[in-house]
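Protein chains in written order, with my numbering: chain A, 1 to 649; chain B, 1 to 281; chain C, 1 to 204.
It is worth saying that the hints were derived from the structure and are not from the lab.
Because the structure is a prediction, the values reported are computed rather than measured.
Wrong hints could be hidden among the right ones.
[Unchecked claim] Covered, in the sense of this in silico footprint (three residues per stretch, anywhere, with C-beta under 8 Å from a C-beta of chain C), are these stretches of chain A:
1) 84 to 91
2) 269 to 281
[Said to hold, decoys possible] If you want the footprint, here are the derived chain C segments under chain A, 3+ residues with CB under 8 Å:
3) 17 to 29
4) 32 to 42
5) 50 to 58
6) 61 to 68
7) 138 to 151
8) 159 to 172
For every residue, glycine included, the Cβ atom is placed at its ideal position computed from N, Cα and C.
Letter by letter, the chains look like this.
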Amino acid sequence: MADTEIVSHGTAHAEESTGGGLMRRLNMWTGIVVGVIAAVVVYFIAAKLWVNPDNENMAQGPDQAVIAAEVAWVIGFLVGVGAFVAPFRWLLGRDQTHDDEMFLAGKGQGVGRYLRFTTDHKVVGVQYLVLAMTTFGVGGILAMTIRTKLASPGEGLFGGQIYNGLVGMHGIIMIVSTIIMVVGPWGNFIMPIMIGARDMAFPRLNALSFWTLFPVVPIFLSVAFLGGIPTGWVAYAPLSDQAPPGMDAFAVGIIMFVISSGIGAVNLIVTATTMRAHGMTWNRTPIFVLGVTATSVLGLIALPCFEVGMIETLLDRSQEASFFVPEQGGSQWLYANLFWIMGHPEVYVILIPATAAILEMTPVFSRKPLFGARLAAMGIIALVALSVLVWAHHMFVSGWAPTLAGPFMLTTELISIPTGMIFLVLIGTIWRGRIWTRLPMLFVYGFLWNFMIGGITGIFLSDVPADNELHGALFVTAHFHYTLLGGAMIGAMAAIVYWFSKMTGRMFDERIGTWSFYTIMIGFNVTFMAMFFNGLSGMPRRVADYDPQYLIGNMISTAGAYVIAIGMLLFLYATVSSWRNGPIASANPWGAKTLEWYVPSPPPLENFEHLPVVTGDAYGYGEPNTIHTTHPGVPAVAQVAALAEGDAS
Amino acid sequence: MSNELEELPEASSRPPLSERMKTPEGKTIIKVATVVSVLTVLLLIFCIWWPLISLPPTMSDTQAEVKNTLLIFSIASAPVMALVWGIAYYSLRHWNAGSGDTPPEDGPSIRDNNRLSLAWVVGSALLTAFLLVWGLAALTSTTTLPTDAKPLTINVIGQQWLWNFQYPEDGGVTSNELILPKDRPVIFNVTSTDVIHSFWIPEMGIKIDANPRVTTTTLTTPDTLGVFNVRCAELCGLNHSYMETSGRVVAPADFDQWVKDQGGTPGALVPLDVNKIEPKE
Amino acid sequence: MSTIEHHSDAGHSPESHALPPELVAHQQRRSMILFIIADAVYFACILLTYFYLRALNVDGMWFGPDAKVADAWLIWLIAGVTVLSAIAYRSGEMGIRANSRSRFQTGTLVAVLLVVAAIGLTIYQMMTWPILMSDGSYASTFILMTGTQLVHLFILLFIGIGIWNRGNKGKFDDGKYNHVTVVGYFWYWLALVAILGGLTSLLV
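Modelling step: build the complete structure from the supplied sequences, incorporating the hints.
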């Protein structure tokens, strides 16, 4: 070991873990208490310092107090949850013992480990799943509020200010949920097992990335009580400079989110590149691992741009700096560039892991090898590479650099080639397979339908003259919902159903799940198809009110949204009820060949008793002589037999 | 299971096409082709109907270009969608192994088909190239001024939540309604006094952001008499959804009359700096 | 934040699942490089801000009427101190590789003290300079750059004290110095940023 100290410890082999020290007393609740106290104290100190009634720049005061309080909440929470214990122990040279690490990994702690700074990657995965589903639910409620208001023209339920704030909050909460909803739960839970590792490369960083994300959710919720973000989640300057203090909370939340996802991304990249099992070359690495790695690389290099954009927005608002507000000597196009240099890669950060999950399960349910696995890998890598070169297509109508419209149209349309490769891989895998129409396969078909429409309409928008007509219209809204909800979200739900048994040890309720699938698909297509029509006929995005000519389309959209909501509730019910009392799952209910199916459901702490050795890729369907794994010392045939036994039980 | 699933012997010497189409694999391909063709026709009908029914009336050469582009793109995408969905549908129909509790036996081990992959990539690249060339041509034609007529310059100033129009070539007339002469190219110089707005005439297919401290430009030639809408397409605050006004395309003589009614002089150049103008309340 | 992970008790349990030390060392180095890449993107965005606003000079507010150029001697003094501290650290790092504990201790102590000096000088610079954020884009960007560097120096101080203290406790020797290497990456990166940031002062 580098830098380790051999400490002999009498109780090392005892059943009860005695390690942990201070960490035994810290959990989520202490974090919340310390965080809230810190936020309140700092708010009042800051308000005393900066909010001066005689100051004519009074408007700046609350901004500074809100920023200080939100930052204090995050730091207080992290202190309270114990995130800084290990770094300080490192500083002091008092490294954690094996018992401490076992305690941190959640050994022998029951459900309590889910509310602690637990380092086991499987605990982190479950935490991410619950958090993502919660935030998705919040975002969904906001979406339903928006659609309900838009069911009829006129003032309706509430006015423009509340409406604009709701649109912004719906946007950011959904963006955050969709970024984490595959990489968070399954990148953390499944990916290390899939590559034959016992944990992530840096288990504590893994816990840190989750517990840095956790306080972000209350921050985004606090936006609603600070006046909202009536700018949309893009937070374009100079409108963001006019916004109420909710904008400050939003910006602090984004900054923390970027830090959290950066930590997570580094961990995932290092894990996937250094901890693959013996014999797992890149050619034998499952496509999901590749997708998660590619996504992490993309997120790592794209998201800091948003962080800079938000820091500069905060300084514009609180210090009258000259970054983005033209009256103060800034440039709104600088913000737009910073935002979209992050913004387009971010779309692929959402999309690629869901696509990779779909690619992972298609061979399982077609009982055929992944068709053109190299093509799939090339497609994903090309998507990553191209996605950092296309940002200005979001600015075709902004007036920024009209001479660059042609080049950016070129790079944007090039994206259709790798996307086409992924479609070829999917239908090539399905072709002549034995289509096992279990629920995940239905989601694969749903993905093929929705994502095709989302992709095709994206090509419409890449064309500059067409974009001049359609940009800022509901057409765009419908397009990106087809890719992000219809594509990525459907992929994420497929992943939930597919890996549910591995995470919980129980089978997903496919009867209700199938109902929810069809309900969501119908509702989704009704809602957003109507939006395409309205958008083509000239209805702008993000409007609280509209001309009566768009009434029918909006009513259809709202009705469809309610159908989606019913489907989502069914899915939620199926998830919760299966988790509580679904039928017990075998180790490998799908007869799949990736490594996670070789360990019990749910996997034990540290996953593998003996680390596997990989001898082929995981898609050897119809190839009786290829197996994906052997354990050293155990004959391969015996392992296959044991696996088959696991199926039967 | 149908016999289509059976592996074919390797065809070392390829029999004629008519013979190959009689083999089980050939029949499969014919069936798939039928499904894809039917689907293509259905999608073509939808793809042509879709823009035609939804798009607002065409009132400028730009919008005509946009409409053609949307139609061409829709028509080009119909076969692609039909191919993917047709194959997926056919597979689900013919190779459905049910939803039993245990996995069905494995299918054939087809790992790759280099010729198909190459054809697919080349095909999508060609399609992309076509769309790109079409797009660049449309972009050039929509951003080039016609040379046969003297263009009219109009300053468009967005403010929260109003549009102001100035006619610097007609004695500096200002208006909240956009009046355009028919068949004369119009250059819009667009700016904003506060936040970013987006100047959009859905009927003319033009949109350009109104940025504070910057002037952006767009152009079009109205070619149909009638009423159109001017909207804001960029979220600009509280009353963003009400930031719209109407406009009219009128005959050139009516346009001159309108300018006189507003107290201006047709053709009298009053250079105005759009950044210095105080908008009307 | 500390990016250092360490597994302990390699030989403690007969069924130990700890990773091989050379793999852990490799992972630690790679993670630090990745963090530096993300940090470099962050820095690049600030540079983009600087040069974009300088090129546009909206309303002549790149360099507002009340703006003044920050004292060049102070900028270069801070950069110089940061670079010196990186050199001192490098010397300490070479010391531990040659199993010279005393050289390592001296080098890291000097390096940490120089970081303290750089922090003190940066705070002095921020307290005394004649510009506010509202004095234009140059002032805003430059203050942001300085503030960012200050935050990084605080993180460096934390890690540096840790390295020095752990060295005191005999945690490193000539076969076991990966933490020193990894922290070194961050140290040299910050020295590089100090120079690059200083160079922008030539292009006001």
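For a quick check of understanding: which of the numbered hints are violated here, in increasing order?
none
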